[in-house]
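K.L.:
Using the hints provided, position chain B relative to the given structure of chain A.
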Amino acid sequence: MTKESTGPKKTPQTDKIAFWYDPKKRSILYQLGILAMVGLLGYYLISNTLANLERQNIATGFGFLEKESSFEIGESLIPYSAADKYARALMVGVLNTLLVSFIGVVLTVILGTFIGIARLSTNWIVNRLAAVYIEVFQDIPVLLQLFFWYAFFYEILPGPRQALSPLTGVFLSNRGLVFAVPVVHAAHMYMAVAFLAGCIGIYFLRRWARQRQAKTGMAFPVFRVSVVILILLQLLAWMAGGAPTEMSVPELKAFNFQGGLNVSPEFTALLLGLVLYTAAFVAEAVRAGIQSVSKGQREAAMSIGLKPNQLLQLVILPQALRVIIPPLTSQMLSLTKNSSLAVAIGYPDFVSVAGTAINQTGQAIEGVAMIMIVYLFFSLSTSAFMNWYNKKIALVER
Amino acid sequence: MQDIDQHNLADEIKPPVTQVGIIGWIRTNLFKGWFNSILTLITVYILWVIIPPLIRWAFIDSLWFSTGEECKQIDGACWSIIPTNLRFILFGFYPYDQQWRPLVAMALLIALLFYSRNRDHWKKPLAYAWILGLSLMGLLMKGGLFGLSSVDSSQWGGLPLTLLLSIFGLTAAYPLGILLALGRRSKMATVKALSIIYIELIRGVPLISLLFMSSVVFPLFLPEGVNINNIIRAQVAIILFTAAYIAEVVRGGLQAIPRGQYEAAESLGLNYYLSMRLIVLPQALKIVIPPSVQQLISAFKDTSLVVIIALFDVLKTTQTILSDPQWMGFSAEAYIFVALIYFLCCFFMSNYSRRLERELETGL
Numbered sequence: 001m002t003k004e005s006t007g008p009k010k011t012p013q014t015d016k017i018a019f020w021y022d023p024k025k026r027s028i029l030y031q032l033g034i035l036a037m038v039g040l041l042g043y044y045l046i047s048n049t050l051a052n053l054e055r056q057n058i059a060t061g062f063g064f065l066e067k068e069s070s071f072e073i074g075e076s077l078i079p080y081s082a083a084d085k086y087a088r089a090l091m092v093g094v095l096n097t098l099l100v101s102f103i104g105v106v107l108t109v110i111l112g113t114f115i116g117i118a119r120l121s122t123n124w125i126v127n128r129l130a131a132v133y134i135e136v137f138q139d140i141p142v143l144l145q146l147f148f149w150y151a152f153f154y155e156i157l158p159g160p161r162q163a164l165s166p167l168t169g170v171f172l173s174n175r176g177l178v179f180a181v182p183v184v185h186a187a188h189m190y191m192a193v194a195f196l197a198g199c200i201g202i203y204f205l206r207r208w209a210r211q212r213q214a215k216t217g218m219a220f221p222v223f224r225v226s227v228v229i230l231i232l233l234q235l236l237a238w239m240a241g242g243a244p245t246e247m248s249v250p251e252l253k254a255f256n257f258q259g260g261l262n263v264s265p266e267f268t269a270l271l272l273g274l275v276l277y278t279a280a281f282v283a284e285a286v287r288a289g290i291q292s293v294s295k296g297q298r299e300a301a302m303s304i305g306l307k308p309n310q311l312l313q314l315v316i317l318p319q320a321l322r323v324i325i326p327p328l329t330s331q332m333l334s335l336t337k338n339s340s341l342a343v344a345i346g347y348p349d350f351v352s353v354a355g356t357a358i359n360q361t362g363q364a365i366e367g368v369a370m371i372m373i374v375y376l377f378f379s380l381s382t383s384a385f386m387n388w389y390n391k392k393i394a395l396v397e398r
Numbered sequence: 399m400q401d402i403d404q405h406n407l408a409d410e411i412k413p414p415v416t417q418v419g420i421i422g423w424i425r426t427n428l429f430k431g432w433f434n435s436i437l438t439l440i441t442v443y444i445l446w447v448i449i450p451p452l453i454r455w456a457f458i459d460s461l462w463f464s465t466g467e468e469c470k471q472i473d474g475a476c477w478s479i480i481p482t483n484l485r486f487i488l489f490g491f492y493p494y495d496q497q498w499r500p501l502v503a504m505a506l507l508i509a510l511l512f513y514s515r516n517r518d519h520w521k522k523p524l525a526y527a528w529i530l531g532l533s534l535m536g537l538l539m540k541g542g543l544f545g546l547s548s549v550d551s552s553q554w555g556g557l558p559l560t561l562l563l564s565i566f567g568l569t570a571a572y573p574l575g576i577l578l579a580l581g582r583r584s585k586m587a588t589v590k591a592l593s594i595i596y597i598e599l600i601r602g603v604p605l606i607s608l609l610f611m612s613s614v615v616f617p618l619f620l621p622e623g624v625n626i627n628n629i630i631r632a633q634v635a636i637i638l639f640t641a642a643y644i645a646e647v648v649r650g651g652l653q654a655i656p657r658g659q660y661e662a663a664e665s666l667g668l669n670y671y672l673s674m675r676l677i678v679l680p681q682a683l684k685i686v687i688p689p690s691v692q693q694l695i696s697a698f699k700d701t702s703l704v705v706i707i708a709l710f711d712v713l714k715t716t717q718t719i720l721s722d723p724q725w726m727g728f729s730a731e732a733y734i735f736v737a738l739i740y741f742l743c744c745f746f747m748s749n750y751s752r753r754l755e756r757e758l759e760t761g762l
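First to last, the protein sequences are chains A and B. Be aware that the first sequence starts at 1, since it is given in the working numbering, and climbs by one per residue. Be aware that the second sequence starts at 399, since it is given in the working numbering, and climbs by one per residue.
One chain only, chain A, in its complex shape (with noise of 0.2 Å):
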């Protein structure tokens, strides 16, 4: 029936149109047109590659993962010498790359919600300094800044024998940062476990206390008593390993530190560069959330009577993350991508150990392409991440 009374009705339309004229059909011959463009722009450089790799006799493929590698490396996380092969040296790169993105991350979080918060205060030499801050260190490039700290490092810290030592059991140095750490312990191991048993138990505490207070109205006080179990529970797996009190402390013998936790200076001066420069752009993206929940909101939270802390927790963080977590999670990612930028001041980071491996082999396109997919790696998996974080405290509008 239907196709009846539509059909008399379209065929002589589409008879008439002549095929340039459809949109459909036209948009179809645009893009094969582009397909095509791309495809003979792929294949021109493909041929070219192929002609001058030929010629430079340069070998192809990812055979020379498993050749030795034959350099060695400064810092590693993993068991690592100059004997072992190109694929282990690159695993030791993308570990340190983890190792700072992820450790400036934290930090950078922390230390641009502090200032973010900072910038907000109504006490005017508190604010002034914050918006100095952001400012200088938004406007000066991360590479000169990495560029200065490892300056500042080698050419202005003195030697171990003076070194300054601003807290006990830590010294700075031009041979890095050095701080006291406890004695590796069986107890420890218990602390780490102890802590993981207590989140997994805060978890279920706080579902039981959402609940019970969806169903009787009263309110129990989640925080303080996760923050109990936390402390209580660490010191019991502390006391049952034998309550270790053994530091390793750092000592000067004959030209450097012996004991104690070494960093290098290129780690610090990497990590220093790439916090205080993040931070400041993440203190903006803060001041932004906090000052776009209204004042009407804050108000009303006080005349239905929530206490400060609930203030903060059930009404101004909700709103303000929502702002937030978008601007967090590109610089969080930027972060990540300068990260990159160790190859300058000799940290041996991914970008810096594939580097090497061009050089030595040769092989610059599969060199340059794994770096390009570890980072595409590491961005993707992050934002997914971020963007399910984002999902989950997204407004739920009804």
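Among the hints, a few may not be true.
Said to hold, decoys possible - Chain A regions said to be covered by chain B (calculated; three or more residues, Cβ under 8 Å):
1. 115 to 124
2. 369 to 381
As the list claims (entries may be wrong) - Here are the simulated PhoX-like pairs of lysine-lysine, each with C-alpha atoms no more than 20 Å apart in a straight line:
3. A:25 x B:590
4. A:24 x B:590
5. A:25 x B:585
Claimed, not checked - Anything over 10 Å on all C-beta distances counts as not near chain B; from chain A, calculated:
6. 99
7. 106
8. 109
9. 185
10. 206
11. 207
12. 251
13. 301
14. 304
15. 314
16. 320
17. 323
18. 344
19. 356
Hint data in this document are derived by calculation from the structure and do not stem from the laboratory. All figures in this text were calculated on a predicted structure; none of them were measured in a lab. Cβ coordinates follow ideal geometry from the N, Cα and C atoms, glycine included.
P.N.:
Only chain B this time, still in chain A's reference frame:
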């Protein structure tokens, strides 16, 4: 009656001394409540510890015009490194007796930028002035005409190179970015997919990997015998990189245009090209002017990465001076000087973008 009384009262009785003037200001801004008071005291103490030694280092114990040897005798800052090597830091390996040319080119650029600050000047002649100005700058730098001796672009360096890479980078990236943004919103699946892949691919990788690509992989892409100067290769990498970010900025503007505008354009019978050029883009681009200035700032800062592929921008020339034994060990002074150049440029640009944002807010 009561009203008048209150009025008189307010007139006659002045507020207490502790609430107005300097004391009042200090009370409300620095010592309001115990928490603020402690905060103020701690901050002032920290500043007191840091600032005086810094001033002593930078101004009192410092040398401004001396040799490197004299500097090594003192504790303070050695600013002498700047005036002595200023011309190399600013112009790199550009022939010494020709360095007035990049100077004039930069002056021209700054004059153009200052003239363009005023929105009343945003008319067609300004666009011609920019085209003329940019070609004149290129002519000044390159030479080879009108009796100017030819200077190979491999000798370009210092601040002109930094400015060139960022300004040309943004100018060339803008049209490409607009195309990509339109492509991302296109109804044609292929165009949309290609644009998305390009934008996300570029935004997902660090600029340094593109610069590596331009310096080591790009030569392999070219047919035999064709060589492209490494400055141009870096410029292409910066353009391709910036275009992806511009595309996202422009997309923000396109999304902000109400649907009715698109539909109105269509109902007037305008085709895609005309409706974009006459209706949508003029409005969308106006919205994205402030974020575009932000993009210019970050392109300007990002050009410093060309150091890593050994182009002599202002950071690399500074490092070259620092590797001279006479000036070794004065990195802090030299880097502070370069940081000051970057800071001043970025500060003016970001202030300008904030001003524009305020001015344009009432539009649309």
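K.L.:
All hints are to be evaluated individually against the structure, with a verdict given for each.
P.N.:
Quick rundown of the hints versus the structure:
1. 115 to 124: Coverage by chain B holds here, the residue count being 4 at a Cβ distance below 8 Å.
2. 369 to 381: Per the Cβ count (6), the hint holds.
3. A:25 x B:590: holds (17 Å)
4. A:24 x B:590: It holds: about 16 Å lies between the C-alpha atoms, which stays within 20 Å.
5. A:25 x B:585: holds (13 Å)
6. 99: Non-interface label stands for residue 99 (chain A): nearest chain B Cβ at 17 Å, farther than 10 Å.
7. 106: holds (20 Å)
8. 109: Since the minimum Cβ distance to chain B is about 20 Å, residue 109 (chain A) lies beyond 10 Å and the statement holds.
9. 185: holds (37 Å)
10. 206: holds (29 Å)
11. 207: holds (34 Å)
12. 251: holds (28 Å)
13. 301: holds (21 Å)
14. 304: holds (24 Å)
15. 314: Given that every Cβ of chain B is farther than 10 Å from that of residue 314 (chain A), nearest at about 22 Å, it holds.
16. 320: holds (21 Å)
17. 323: Since the minimum Cβ distance to chain B is about 15 Å, residue 323 (chain A) lies beyond 10 Å and the statement holds.
18. 344: Incorrect as stated: the minimum Cβ-Cβ distance to chain B is 5 Å, not above 10 Å.
19. 356: holds (12 Å)
When the structure is compared with the earlier hints, a violation turns up for hint 18 alone.
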